[in-house]
Each structure stands twice: as C-alpha cells, then as structure tokens.
Amino acid sequence: MVMTRGRGRGMRGGMMRPMGPGGPHFVPKMKQFVPRLPFDMVLCESAFPKVKPAPDESAFTQALLKRNADLSPTPAEQAAVLNLVTKIQGVMDNLIVDPGNFDACQIEEVRQVGSYKKGTMMTGHNVADIVVILKTLPTKEAVEALGKKVCDDLRTQEPHEVLVLTMLPDDRGFEISNSEATVRVLVTTIHQNLRKLDPELHLDQKILQSHLAAIRHSRWFEENAHHSTIKVLIRLLRDLRTRFEGFDPLSPWMLDLLAHYAIMNNPSRQALPINSAFRRCLQLLAAGLFLPGSAGIFSLGISDPCEGGNIRVHTAMTLEQQDLVCLTAQTLLRVLSHGGYKQILGLEGNSSIASEMSVWDGVVVSALEKAYEKPPERPLQDDDANDMDADDDPMETADN
Amino acid sequence: MYWSGLSAAANAAAAYQTGQTGYPVGHTPTGTYATQRAAGSTYDTSYQTAAAAATHSTAAATYPSAAASTTYDYGYGRTTQTAAAAAAAAYDSSKTYYAQPSSATAYTAADTHYQNVLSTDKAAYTNASAYTTTSRQTTPVVTPKTSYAGAYPGAAAATATYNTSAYAAQTTTGNKAATLYVPQASQPAAAAAAAVKTTANTWQTFKKAGPVQGKTQKPKAPPKPQQLHYCDVCKISCAGPQTYREHLEGQKHKKKEAAAKAGPAPSRHGASLRCELCDVTCTGADAYAAHIRGAKHQKVVKLHQKLGKPIPSTDPVIVGGTTKTSTASSGSSTGAKTTTAGGATANAGVPATDGKKEDIKEELLDLKEKDVEPVGQEYIEEIKNEEGKVVSFNCKLCECRFNDPNAKEMHMKGRRHRLQYKKKVNPELVVEVKPSLRQRKLQEEKLRRQQPGLHQLREEMWRRREEERLLEEEERWYWEERRRYEEECEYLDWCRRYPRGPPGPPPMMPPGMPRPPFMPGMPPMMPIRRPDSSDDRHVLAKHAEIYPKEEELGAIQKIVSNTEKSLKMVSDYLAEVDAPTRVKKEEESKEDDKKEGEKKDDGPPRMLKGVMRVGILAKGLLLRGDTSVQLVVLCGDKPTRTLLDRVADNLPKQLAVVAPEDKYEIQRVVEEAALVVQNVGSDQRISVNVTLTSPIMREQLLHEGDSQVTAAKDPPDVLDKQKCLDALAALRHAKWFQARANGLQSCVMVIRILRDLCQRVPTWAPLNNWAMELMCEKVIASAGQHLSPGDALRRVFEALASGLLLPGSPGLLDPCEKDPVDAASSLTAQEREDITASAQHALRLIAFRQIHKVLGMDPIPPPKFQRGGRFTRKRRRDNSSGEGNDSEGELEGGDGKKDKKEDEELKMDMDKETK
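As you go down the protein sequences, you meet chains A and B in turn. Per this note's numbering, the first sequence starts with residue 1, numbered consecutively. Per this note's numbering, the second sequence starts with residue 401, numbered consecutively.
Just so you know, not all the hints are guaranteed correct.
[As the list claims (entries may be wrong)] Computed cross-link-like contacts, DMTMM-like style, restricted to lysine to aspartate or glutamate with a CA-CA straight-line distance of at most 20 Å:
{"hint": "1", "chain 1": "A", "residue 1": "Lys140", "chain 2": "B", "residue 2": "Glu778"}
{"hint": "2", "chain 1": "B", "residue 1": "Lys1253", "chain 2": "A", "residue 2": "Glu369"}
{"hint": "3", "chain 1": "A", "residue 1": "Lys50", "chain 2": "B", "residue 2": "Asp1219"}
{"hint": "4", "chain 1": "A", "residue 1": "Lys196", "chain 2": "B", "residue 2": "Glu799"}
{"hint": "5", "chain 1": "B", "residue 1": "Lys796", "chain 2": "A", "residue 2": "Glu369"}
{"hint": "6", "chain 1": "A", "residue 1": "Lys374", "chain 2": "B", "residue 2": "Glu799"}
{"hint": "7", "chain 1": "A", "residue 1": "Lys196", "chain 2": "B", "residue 2": "Glu828"}
{"hint": "8", "chain 1": "B", "residue 1": "Lys796", "chain 2": "A", "residue 2": "Asp204"}
{"hint": "9", "chain 1": "B", "residue 1": "Lys822", "chain 2": "A", "residue 2": "Glu141"}
{"hint": "10", "chain 1": "B", "residue 1": "Lys822", "chain 2": "A", "residue 2": "Glu369"}
{"hint": "11", "chain 1": "A", "residue 1": "Lys149", "chain 2": "B", "residue 2": "Asp1045"}
{"hint": "12", "chain 1": "B", "residue 1": "Lys796", "chain 2": "A", "residue 2": "Asp103"}
{"hint": "13", "chain 1": "A", "residue 1": "Lys148", "chain 2": "B", "residue 2": "Glu1217"}
{"hint": "14", "chain 1": "B", "residue 1": "Lys823", "chain 2": "A", "residue 2": "Glu141"}
{"hint": "15", "chain 1": "B", "residue 1": "Lys1123", "chain 2": "B", "residue 2": "Asp1045"}
{"hint": "16", "chain 1": "B", "residue 1": "Lys823", "chain 2": "A", "residue 2": "Asp103"}
{"hint": "17", "chain 1": "A", "residue 1": "Lys140", "chain 2": "B", "residue 2": "Glu799"}
{"hint": "18", "chain 1": "B", "residue 1": "Lys822", "chain 2": "A", "residue 2": "Asp204"}
{"hint": "19", "chain 1": "A", "residue 1": "Lys135", "chain 2": "B", "residue 2": "Asp1045"}
{"hint": "20", "chain 1": "B", "residue 1": "Lys823", "chain 2": "A", "residue 2": "Asp198"}
{"hint": "21", "chain 1": "B", "residue 1": "Lys1253", "chain 2": "A", "residue 2": "Glu144"}
{"hint": "22", "chain 1": "A", "residue 1": "Lys50", "chain 2": "B", "residue 2": "Glu1217"}
{"hint": "23", "chain 1": "B", "residue 1": "Lys1121", "chain 2": "A", "residue 2": "Glu200"}
{"hint": "24", "chain 1": "A", "residue 1": "Lys50", "chain 2": "B", "residue 2": "Glu828"}
{"hint": "25", "chain 1": "B", "residue 1": "Lys813", "chain 2": "A", "residue 2": "Asp103"}
{"hint": "26", "chain 1": "B", "residue 1": "Lys823", "chain 2": "A", "residue 2": "Glu369"}
[What the hints assert, rightly or not] Just so you have them, the derived chain A footprint on chain B, three or more residues with Cβ under 8 Å:
{"hint": "27", "region": "1130-1142"}
{"hint": "28", "region": "1205-1212"}
Treat the hints as calculated values from the structure; they're not laboratory data. Note that the Cβ used here is the ideal one computed from N, Cα and C, for glycine as well.
Using the sequences and the hints, build the whole thing.
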C-alpha cells in the first residue's frame, strides 16, 4: 500500500543528504510505492480457459445498441448546436483578426472541446463547449466583457434570434443559448500567464488549467479514441453516471479514459465488442481500478499531458468517492451477471438496484456498504500514536 | 582599455592595408578585457579604417562607451557630434532610431497630424511648431485627448526657446533678490492671459532691466501706493518689510539662492514640465494641467497680476533630464526662436539648427510617451451614493480611490496604473522604462563630455577606463579569495564528517573539476523494494498467527510417520499372509520388501502398494488447530471392505510395534472407504484418515466405453467408488500443488490465509479447498510479476470482486481432470454471489487500510524501526523543515513543536490527496 510520505522521507533522509554521523552502514528504508494494476480478466484470459462455452449475449448487445441509439442526439439537435457553435466561432475568429475597439481582452485561440468535439454528445443535453485562450490575463471583467461582446455581435448578425447570455459560476466563462442549443464558452489563458495570476483579480488557476486540460483531452481523444465503439461506450457510461448516483464522482475525462482502456487495452489490441467492453468497465471498477493503491489509468501509454503523465486519473476523486464508485460498480456487476442488464441500462426498473437488495432468478443480490472510514483524530501529545497515524494515514492516493 | 582600443585601432588600420593578419592582432590585446568592449574596439577599428579620417579617431574612440550604454544615449550623442564630426553612417543609424519610436509608441488616431509631424522630416517639423504656436491658447483645456496632443508640440517648441531666455534672465539678475515696486496696472491682463512668444520676449527684456534697477531704484520710484515685498528667487510675497527681511535671512531662501546659482537642477526624470511661474516641476502633462488648474497656481497668478509682473504663458517649460537646452549654443537657440516665432516661414534647412532640432524632437518624444492612451477603463469602479450620483472611483487594479474624475483620468494614464495593468491584464502593454541610475549617469557624463574640448574628453575617458580596470581586477581578486576560502571550508567540513574515510580530495581542487561522484560512506543508491507495506505486515502477522506451533507440527509428524510405518508393516504382513497362495518367489520378496517396498512385485501384486500423503498435509497447508490429516493407501486392486477390515485388524498390532509407548485408536469408516487412526491419551487428538483407493478405479472410469467387462469383475463388497476417486483426485491435487503453487511467491501464504478465512467466515465455507487453491494460483501467477503477500492477497480479492466466481465468468478449469470441469462447480449461484459480495467489500477494506478487518485481527501499528530510531527521525524533520542550522538544543527541547509540524505536514498530504 501506499507509503508516500515514507518514500519522501527516505529521500530526504537518505538520498539528498550525505551520510551523517549515523554510521556508514546505516541504510535508510527505501519505501517504494509501486502501484499495481488490479486483476483484469481480459488481460489474463490465457490463465483462465473457459470451462464452458461463453453464454450467448446477443440480447445484451442489442440492448446496449438500442440504449445508445436512444441516447444519441437527433439530427435536429446536432444541426442546432452545430449552427450555434459555428456562429460563435465565427464571431470569436473575427475578434481575433480584428478586435476593433474591443480591448477588454485579446483572444489567442478558440477551440472546441468536450463531448461536442468528441462526438459523444447525448440527446437532451445540447451543450457544446468552447475554450477561449486569452492572450491577456483572465480577469473577471474581461470574461464579462467578452461575453457581452460576443453576444452583441451575434445579435447584430441575426437580430431576430433570441439569445440568452449567462455567466457561469466562478467566472469560468459564459454560456450563450438560443432556443435549441447552448454553447458554453470557457475562458483560460496562455501558459505564460498562469504564473502571473492574482487570485483576487483573476480566475482561479485550477479552473484555467482545467480548461487548458480540456483542450489537450480533446486532442488526445481525436488521436486515440476515434473508434466508434469507444464513443458508444462513453455515451453508455455517461448515461450510467447520470442514472446511478454512485458514479457521480467520475468525471467525463475519467469515463473517456475508462472506455478507451476497456476497449483498446487487450492482448490483441483490437477493439473489444461493446458487450464485453461494457462488462469489463464494471469489472475493472469493481476490481478497484480506481481505488487507492491501484495503478489506475496512467501508466498505460496514455500520456496525460496536463498531469505530467504521473498522476493517476482517479486520484482526482476523494477517498470516499473512490469507495462509492467502486461499490456501485461491484453491485451492478453482480446484478449484470445475474441477467439484470435491462435494469442497468435503464430500459426497465430504476436505479435502486445499486443501493437496495434485489432478487434475480432466486439469487439475492445485496447492496454493499461503504468501507472507507475517516481517519481518527490524532492525539497531539502521544508520539507513538503519531507514529502510527503517520504511517497509517495513508490511503494515500497521491503517490506523487 | 582605451589604450588597447587605440593601439588596436592603429594596428588594425595599419594591418588592414597589408592584409588580414592585422585583424587578429587587433583582437588579442583587447581580448583581455570584457568581450563587449572587445567587440566595441574592433568595431572602432573597422569604423576607423572605413572612415579613414584622423580627426574622427577621438569620436570613434568614445563610441564604444556610448554603445555600452543605452541606444538612446548613443543616438543622442551621435547626433550632437554629427554637427562637428558628421560621420555619415552613424548619423543615419541615429535617424532610424528616432523614426522607430515615433511610429511605435502608442498614439491615438486623434493626433494624426502630430504623428505626421514626427515621422516626416525637418520641413514638416517646422510646420509643427507653426501649428502649435497657433494652438497655444487652448492649452489650459485638459480633458480631451486632442487638446493634449496639440498642447504638446507647442509646449515643446516654445519651451526650447523660452527656457533659455528665462535662464538668461536669471543669470542676468545675478541671483539677487530684488523687491520690485511695480504699478499694478502696468501690465495688461491680456498679456498675462495669453502669453504669446512676443510677450515672453518682452518679459525677458523687462526682466533684464529689472535687476539693474534693483534696490537702488527703490527710493527712486515710490509713487505706487501699495508696496509688495516679493522675493523673486523664492517667488513668494511677504506681508511686510520685516517679514521680507526675515525671509531673506532664512535658510529656505539661502538654499534656493544657492540652487539658482548652480543653475537649474536636473530633474530626476527624462523630461518634465515646469511651471515657470510657480517654479513647479511636473512629471507629465496631466500633472501639469492639474497644477495649472490648481488653487496654488491660481493664487500665484493672482499675485503676479497684483504685482503687475508679466505672467508667462501657461505652456509648460520642458525641462530635460539634464541641462540640454541651456547647453545648446546661442546660435541654435536663436534659430529655433525664429522658427517658432516666424511660424511656417522659417526654413529648416539650416544645418546649424540641426542639433537643436534633434533636441526638441527628443523632448517631444519623451513627452509623447507621457501622453498615453488610458487603459483599463473596465477596472475602474464607479462608486455611487444613495442618489445614484457618482461620488468616487475605485481602481481595482491598483486598489486606490479618487473622487475627482480628472484624477481618475490621470491615474489611468499613470505609470503605476499601467504597470499594474501590464502585470494583471495585458502583459504586452508597453510601459516606458524609467532609466536606471546608471543609465542616467552615463547620459550625464556624455553630456559633460560634449562640453569640454576633445582633448579633455579623451583625458577623462582614460581615467575612467583605468578606474574600471582596477575595479574589475579588485573584484576578481575578491572572488578568487572567496572561492579559495569556501573550498577550504568545504574540505574541513568534509574531513569532520568522514573522519575514518579515506583521504579526501586535495583541498585545492582545480576549480573546473567536478566533485567526486560519490562520498565515502554513502549508502547504496539502488532503490530497494520496500520489504513490507502495511498490508504485508498484516498478512505476515496473520500468517504467523495461523501457522501451527512447533509442538503441533511435531505431534502430527509423529502420528503420521507412525501410521505410515505401521501401514508398511501391514502391507508386509498381508503380503506374507497371502504368500502361501502364491508361488515360490515369496521368500525373495519378503526380504526385498523391507528394503525397497512393493515395487519388486511383478507377479500377483501386493494388496497394499503404497501410502501417500494428500491434502493439507502434502501441500503444507496445515493451520493451527488442524487435527485431521489424510493419507491415501494405493491398493493393487479395487479396495474392498474385506481388505479394509484386514488392514484395520492388523494395524493396531503394527502400531504397537512401531510406537510401543503411544496408544492409538482405530476406527473403520466404511462409507468413507477409510479408517481413522487417532492418538489416545495425548492432550490433543489428532486423527489420520487413511483412505483406500486404487488407480484401477479411475482407469476403469476412463476406459468405461471400451471394457464393460471390468465392471462385472468388481468384487461384491468393493468400497464406495466416489470416495476412492476423490482420494485419487486428492493425490493428483497434491502433485499439482507441489509442482505449481509451492514455487510461486506468496502463493502458499495467501492460500493458508484464505483457508483460515474459509474456516472463520461462514460465507466462505462453501468454497472448497481445491477451488480456492486453484484460484489463488491462477490469479497470483497471472500477475506476471512477483507479488508481496499483501499484494497477492489483494489481487485474489480483486479477482473475486471482478466476478471470477459469478455466472458468466470462464470458471475455474480443473487441470487435474480430463474433462473440462469447474473446480468450484459445487457452489450454488447464491453462494457464488455471497462470496463475491464479501470479496468486494473485503477488497475495499484492504484498499482503505482496514485489512485487519478482513483478516480478523487487530490492526498492527507500524514497527518502530521503520522510522530509523529517534535520531534519524529528528534529522529528517530537520531537513524537511529546511532548517539545517537548527541547534541541537532546540531539537532536544522542541519535540512537541516538531510533532505539530509533522501534523501539519500530514494534513497537507491529506489535502493534496483529497483535492
């Protein structure tokens, strides 16, 4: 298990400092945390030859495809959002080329990101994301002024259209919506400016970085995850996330990575069929892919540029959330294996299967309880207790 | 430096004609100095050779220093020199310099006219001054941009002349204060309001006349009823003669007088605007405008009006950073005067005015920079009162407030605001750089250099260079000394730290040499795999807890080996008994039996061919409290009840022979195809199950299709077939185990732990040993790497949690059966479900540091030695807090404090991870 602090300690005590008077033979403990991938049936298939032929899953596959079809946006929706995105992009491009008397900020670049860009939009959620990289520093006023300017320009272009401009919370950007579609414009700035930020005056650096990350994510996606099975799976997973509370902590980016991993990361390197991939997602989560101590998704050839390639994607969740995600997946996996795919896909029943006992063909499937416990309060005086806590503290997920 | 520069120049000049070799010669002497200068001097050389003018040598020689300073200086210096030296190339470059900033600096579209003026050449420039003279009257208006723009050139053009005249006036007064009795009405108000150039001139003349009359005039002209005691130096009026005298005696006045004698003090800034009337210097046009509008200025104007003194134009006087304007020759100043006074008629083609013009241009430039576009309007917050009237402004960038809209305007153009804007909003905004102290000094120096003759200049240059060289050398010595000292210290330190180490490097290492790659006594740098994580420790502790005690193992070992020996003897006995029915070979076999067992029999086989350990005994999976072990006796033929009885009858006798001091009890369990040997009298009862079986049972099963006949041959009282087959399977499992699981790291340990779990937790009880063993082996082996016990256990739970036992999984194919069989086939769907759910929860418990709950034990605090003892611990903290120089005493005493610090550290870690 993770001994982050331990390792750090080792470094401090041993590596950085030449030997002290402790003696030449004193060897400090080198605690090394090696995150390990959890058990993955697909990867060790050869060790588990099938006892009996695999059951027929065509019904399950059909259900998955049907669900996907239900979730995909209609052509009308797609057209509406495309229309609005094109217009806004046009306005922004004009601002780049000729800012005119608009001097509240300067735009460096405008990029489409998110589910719209990736082609994983869901019906009923007609929102496209655009990231605007400012050359100037991102002040709240600049965001406001930009929103106004874009909206005004749009209105002058098409005076009869009803446009609503909404500022997003935390000043992360603004939203322009017409009757059919919404475009969310997220503001960030160029890298060089990130160092000059003043929390009083500018947008939160974390927000800015997350927007920059969104650009990288969509670029990565374009390059690596264009397989349509992946897109289908992402849509299905997003649907799961909206319907099962326990999956709420999973970010869209985690789902993207998970879907890509489940489909592409297998011995043959050929895309897995959707039914296996869907099950594998649940299996991976149930096996603790996103639990502390797991390698998670990062050492898998996916270089996550914003995280420097060293941060496991699931560490963005709190420990409690990791527990919740895992237990939800575990329960759903058992339901799935007892034939409850319709309930999981939302074709029948409700989401109570994740949290309540259910009976499948005479087998009682019970829900799981949380395992995570808040670490106890540390007594300050007691040195020993301190010791213990120090080493125990840890379900550290952050090993880096 | 200068020396070499000259000699280099001379060398190069000489060498240039002879050939290329001269070039490196020129280089070498200069090479001893800073490279920048070397470059400069080489430039000189080429320059000189190109110009090939002896008179230019001094000008060229000063050139490197100019180049070393700012380009601005350089340009200025060159242009003033051009008047005398006229080096065409240099002049050109200076011109381009001027042209660039004028077009580059931000200027609004409003003053295009002005811009044109700047970017075009001399002719246009005179136009500009003409234009400005006309627009001068409007200067007091401040707010609109255009008027600023108009005001500037006017101010710039006018002050050039105005300043000089004023200066002249001052000098003529001899800095002597004079009380003037002036008729109030003598000066027309109109003249004061619109101070045209001509009035300024008249004022000048008037002033000149003034001091001549001086005090002597005082009694002569007393017709004015009102006396005003006015101090011309300090520009104040006094209430009466008494106070006036006191003022003259005062320090303030003396100071002012002295300052006036010394000449106009150079202002701190590159150029500033001066209100001659009030003797106030403003840094910018805005500040100047504010001053003009201000009460103080108005008061002074009133006073002057009262005094009947001429009121100079409100146009500001441009004061250069130095005494530029005053140093200009009188000829040029008159030239400028005519151009401004005469307006467009003036011809700018006169070369004599060139220098002056450049000056003016430059001043304009400086001022133009002040006239910047206000930025960051968005960040000025308007604060309104209850009625909605704007009462004040708040600049969010600079965090300051103003009540006056004009102040706001000025603030927005101000340097501070612009800097803030640059810092916080647009990093690309151009904010003029304040010349550094050094640059200013250089500039001053250059100007001073312009004044004295060339000879003096050279002299000065020499001196300075020499000084610099000495300084440099001194510095070098200092650093050299310092380096040596540090090296020595280091060596001593090193010796102190490694007293027993081999002799270290010499104290005087050559400076370039790298440090030795490693220190003696340094620990090996190889990352060592952590021996145990918390999980590992728990697993190991649990394992130690469930592993049987020495005496338990001894007792089991004893009864098993006794039973085995006895069975061997029973086998012998049976063979003997059966012998009469056999032929002669019997005696032979009797002797051989004792040595090599039953293998020799090739005729009719012995009934009991051998005894094997199976199950936990064979696999080494015994746990504490296990009292039952299994042996399998392989029979030559299908075991029958008769055989079982015969063995059971004979065994006690043989046991008594083998272990006379122990008492054993033997039971027949026919339905199990076994007999059970138990020890009696010992404190712990151990039972050994001896199952009879025969390979023939399975062979028959396998060849069932071929030979129906064999079935018919079965004796009537043959033992239970399934039990016999199970025993055979157990034999195969034991073999498999020894081949596969025993060699696998952590595997046996994890299986023992899981056996314990299956015994402890009812949910897990249905999972049979064989399935469990098989699963563990597969799961651990498939990891593809060595796993520590903790990791291995976790992986097993991961596999179960991911649905290994659930329907739809591939299942556990039994390698010991011919047909594909699921080793866990005995589990019902509900049992599979329950075990999976339990494993899933267990996995999360492990992940969240509660493995002790899974293992059914108390949590183990991490061992003390992990910290490396108290001493190292302190050291670590010491390091981590970055306070290497903490005294030991503090360390000893401040333990509690440190703990707190660690706590904070810890919290931070937690924060980080939960973010």
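Hints violated by the structure (listed by number, smallest first):
Hints 5, 6, 10, 11, 13, 19, 21, 23, 24, 26 and 27 contradicted; others consistent.
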